[in-house]
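Peer 1: Just so you know, we're using this note's numbering here: the sequence shown kicks off at 1 and counts up by one.
What the hints contain is simulated information worked out from the structure, not anything from laboratory work.
Bear in mind that the values here come from a model prediction, so they are computed numbers and not experimental data.
All residues carry an ideal CB built from backbone N, CA and C; glycine is no exception.
Please note that a few of the clues may not be correct.
What the hints assert, rightly or not - Across the chosen pairs, the derived CB separations fall in these ranges:
hint	residue 1	residue 2	range
1	Arg44	Val74	44 to 50 Å
2	Glu48	Asp140	36 to 42 Å
3	Arg51	Arg150	45 to 51 Å
4	Ser120	Lys147	42 to 48 Å
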Amino acid sequence: MRTGPSRRWTTCLVIAAMVGVTAGCGDPPETSTAPAQRPASDTRQPTEAERAAERAALAAYAGYLDASREASQVSDPRHPKLTKFLGDPLLTRVRVAIGDARRHGAVRTGTLRSDPTVTSISLDSTPPTVEIQDCLDATDYRLVYRKDKRVVPGSGGTRHLATATASRYPDGRWLIDSGAAHEDQPC
Numbered sequence: 001m002r003t004g005p006s007r008r009w010t011t012c013l014v015i016a017a018m019v020g021v022t023a024g025c026g027d028p029p030e031t032s033t034a035p036a037q038r039p040a041s042d043t044r045q046p047t048e049a050e051r052a053a054e055r056a057a058l059a060a061y062a063g064y065l066d067a068s069r070e071a072s073q074v075s076d077p078r079h080p081k082l083t084k085f086l087g088d089p090l091l092t093r094v095r096v097a098i099g100d101a102r103r104h105g106a107v108r109t110g111t112l113r114s115d116p117t118v119t120s121i122s123l124d125s126t127p128p129t130v131e132i133q134d135c136l137d138a139t140d141y142r143l144v145y146r147k148d149k150r151v152v153p154g155s156g157g158t159r160h161l162a163t164a165t166a167s168r169y170p171d172g173r174w175l176i177d178s179g180a181a182h183e184d185q186p187c
């Protein structure tokens with residue numbers, strides 16, 4: 001008879017704590033010590049196309065965070081809003097993390113605060129991309145057991161740097177398709 005969650009389960013839930021911003025159980029989190037930033041010497045004014053891409057990418061990022069929160073609150077890896085804002089491989093990673101929480105009877109509660117900025121825009125790349133840097137505050141965002149609302153051990157959040165990439169898909173939509181938590185870099 002099990003008296004508590006296994007060490008692997010706790011580790012998986014801690015990894016899943018960032019709602020898809022980090023890799024799911026079994027994959028190492030994508031981390032970097034040097035997130036992309038706009039060069040300080042770049043003083044030119046952005047074009048209208050770049051401003052439109054920035055707005056679309058930030059809207060996709062906000063949608064991604066909202067959809068992930070909604071899906072995590074009910075542990076629904078097939079939540080319909082996920083595909084509206086996420087592309088693969090991030091979509092699959094988020095679904096796996098939410099599915100792991102569901103199988104173990106856990107849901108997310110609380111507030112995840114975000115303050116994103118665009119760090120680079122590459123409209124000439126294939127596909128066009130926008131890099132986003134965020135200061136995520138997950139200190140009030142908890143993973144709890146659905147049955148009794150106990151906090152999952154080791155799932156406490158932090159305030160740290162996160163990065164994401166929005167890509168423009170052939171149908172014209174901007175989707176967030178990669179992301180990484182830089183928990184070693186507080187903000």
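Peer 1: In ascending order, which of the hints set out earlier in this document are inconsistent with the structure?
Peer 2: none
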